[in-house]
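S.K.: Sequences listed follow chains A and B, in order.
The opening residue of the first sequence carries number 1 in the numbering used here; numbering runs sequentially from there.
The opening residue of the second sequence carries number 133 in the numbering used here; numbering runs sequentially from there.
Be careful, since some hints might not be right.
[Unchecked claim] Label pairs and their computed distance ranges (CB to CB): (1) A:9 / B:415: 38 to 46 Å; (2) B:419 / A:71: 34 to 42 Å; (3) A:71 / B:483: 24 to 32 Å; (4) A:27 / B:495: 49 to 57 Å; (5) A:32 / B:501: 58 to 66 Å; (6) B:439 / A:73: 49 to 57 Å; (7) B:483 / A:63: 53 to 61 Å.
What the hints contain is simulated information worked out from the structure, not anything from laboratory work.
Note that the structure is a prediction, hence the values are computed from the model and not measured.
Glycine included, C-beta positions come from ideal geometry on N, C-alpha and C.
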Amino acid sequence: MLTITIDRDLGDAVYAQVARQMRQLVASGALRPGTPIPSVRQLARDLGVSLNTIARAYRLLEAEGFLVIRDRAGVTVAAPAAEVDDAARDALLDELRVIVARLRQAGVSSDELLRMASAEVGPGIGARKGAR
Amino acid sequence: MDGEAAVINGFFTFRVFLVGAILLAYPRISRKGLMFGTYLGERHSEGASAGKLMRSWDIGCAVVMGVSLLIGWGISLSGQPIRGNLTGTAVLLLLSPALYVWTYRKARRQVPPTVARQAKQASASLEVDESPGDHFAAVALVVCLLVALGSAAHATLSFEALPDRIPTLANLVGLGDEVADKSIITVLLVPTFNLVLSPFFALMALLIARAKRSLRGGSGGRSAEAQVAFRRAYSHLWSGFALFVCLLLTVTSLAMISVARGETGRSSGIVLVCISVAMILYAGFSLFRLMKRFGQGGSRLEIGSAEAPLTGALADNARWILGVMYVDRTDSSLMVESRFGLGYTFNFGNPVAIALNAVYLSAILGLVVLTLLEFGVL
Chain A
1 MLTITIDRDL
11 GDAVYAQVAR
21 QMRQLVASGA
31 LRPGTPIPSV
41 RQLARDLGVS
51 LNTIARAYRL
61 LEAEGFLVIR
71 DRAGVTVAAP
81 AAEVDDAARD
91 ALLDELRVIV
101 ARLRQAGVSS
111 DELLRMASAE
121 VGPGIGARKG
131 AR
Chain B
133 MDGEAAVING
143 FFTFRVFLVG
153 AILLAYPRIS
163 RKGLMFGTYL
173 GERHSEGASA
183 GKLMRSWDIG
193 CAVVMGVSLL
203 IGWGISLSGQ
213 PIRGNLTGTA
223 VLLLLSPALY
233 VWTYRKARRQ
243 VPPTVARQAK
253 QASASLEVDE
263 SPGDHFAAVA
273 LVVCLLVALG
283 SAAHATLSFE
293 ALPDRIPTLA
303 NLVGLGDEVA
313 DKSIITVLLV
323 PTFNLVLSPF
333 FALMALLIAR
343 AKRSLRGGSG
353 GRSAEAQVAF
363 RRAYSHLWSG
373 FALFVCLLLT
383 VTSLAMISVA
393 RGETGRSSGI
403 VLVCISVAMI
413 LYAGFSLFRL
423 MKRFGQGGSR
433 LEIGSAEAPL
443 TGALADNARW
453 ILGVMYVDRT
463 DSSLMVESRF
473 GLGYTFNFGN
483 PVAIALNAVY
493 LSAILGLVVL
503 TLLEFGVL
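Let the hints inform the model, and build the full structure from the sequences given.
M.R.: Below, the structure is given as structure tokens:
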């Protein structure tokens, strides 16, 4: 059973903790596209936080394309976009460059960076890289 | 000792032993880590000092039972069995909470400093909560409301046809034990109680089916399943009880009207007794099964994940008054698991919970006062 855990003693806001863990679960494949996830009310109740906190996390994840929120059908994990949104890709690439720079500053080598990227994206990266 | 005194003393003794058995069982069905309304942590709750606390509780229970029995029987043997029964019961009802508070304070002194850290964490399952028990509770609520309204309508429509004096208490053979002047209050008393009580019990079942799940940290999977199973069984218990109460009060109202009209023979009294006995057996066996099979919050089904620490509301000692009353304004949940005993309790930091309790208590209090005024007791 998948769970998320919040910690009020951490510096991050609770909504940010919820959003981060959900992103990680989607990225790892633990939460697959179309999987229903608890409603705002249910998750707020189980975590013992206000409805606004979870609603904020869900709105953020919806804006980022991780969740689909429908009134009656509830909340589900979004499928990846069928077509690439150039603007979104450029914005995320900027973020990626910053992260890569931070990793380099932290002493991570290029080989290690590639291994990490390969592990995150999955076996398909090698095939695509080879094709180019 | 005459037969009546023997029956009174027998019931009194049974009551003392029943309460004593429940008091002895309660700490043993708690979620691991919790003792006497206090979160001590999973490891500490099995230590030597916790064992000592449990022994002192057991001895305290024996003392409370012994003192209640001695006082009750002492007064009864002096020729006043009813007074003995009432005094002994009052002593039992006063000493039991006193024993709990005394033990609770001792438990609070044992709380290790690491526990406060865990209370800052909370875990939740990402599986959609199907709220098992929800449908039965919703059906029970609708049935109770409709039947109670129907019973009230029947009593109102029968008003004109009733004689000036009507029975207010039917005995075993279906005859009026007590009679009172006919009035709107005396005729509608039982249907009104029905309208207040049975839908409330069904509503409780509905709220319990949607109560907060208190998971253990880490991989709390088994913990979540255990709680869902317990919550479903507990919600079903309340739904069934609501239907029994509705049936009992509806049949009582119908029987009273029939007796007043001189239509009923012995059957209604026997039916009422059968329903009452079935209701008591249902509640008793269901509670026993819940304690034995599930434990509080499914504690007996948590094997394998019970070592993981509790989080959130159950682990937060600061949010509980005397370990029984949960108050957290930042928590959106309406009902949470009780820390001591069996079942769930309201979050009194939630305005909806406060309003619900205020409305219900006002309704019950109003009905009782109205009844006492009508019968000239006040």
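S.K.: Against the range 53 to 61 Å, how does the distance between the Cβ atoms of residue 483 of chain B and residue 63 of chain A compare: consistent or not?
M.R.: Hint violated: Cβ distance 31 Å, outside 53 to 61 Å.
S.K.: Given the hint of 49 to 57 Å, check if residue 27 of chain A and residue 495 of chain B actually sit that far apart at their C-beta atoms.
M.R.: holds, 53 Å
S.K.: Does the hinted range 58 to 66 Å hold for residue 32 of chain A and residue 501 of chain B at CB?
M.R.: The hinted range 58 to 66 Å holds for residue 32 of chain A and residue 501 of chain B, with Cβ atoms some 59 Å apart.
S.K.: For the hint 49 to 57 Å, verify it against the beta carbon of residue 439 of chain B and that of residue 73 of chain A.
M.R.: violated, 38 Å
S.K.: Does 34 to 42 Å hold as the CB distance between residue 419 of chain B and residue 71 of chain A, or does it fail?
M.R.: Distance hint for residue 419 of chain B, residue 71 of chain A holds at roughly 40 Å.
S.K.: In this structure, is the beta-carbon distance linking residue 9 of chain A and residue 415 of chain B contained in 38 to 46 Å?
M.R.: Holds, since residue 9 of chain A and residue 415 of chain B (Cβ atoms, about 43 Å apart) stay within the stated range.
S.K.: For residue 71 of chain A and residue 483 of chain B, compare the CB-CB distance with the range 24 to 32 Å and indicate the outcome.
M.R.: holds, 25 Å
Checked against the numbered hints above, the structure breaks hints 6 and 7 and satisfies the rest.
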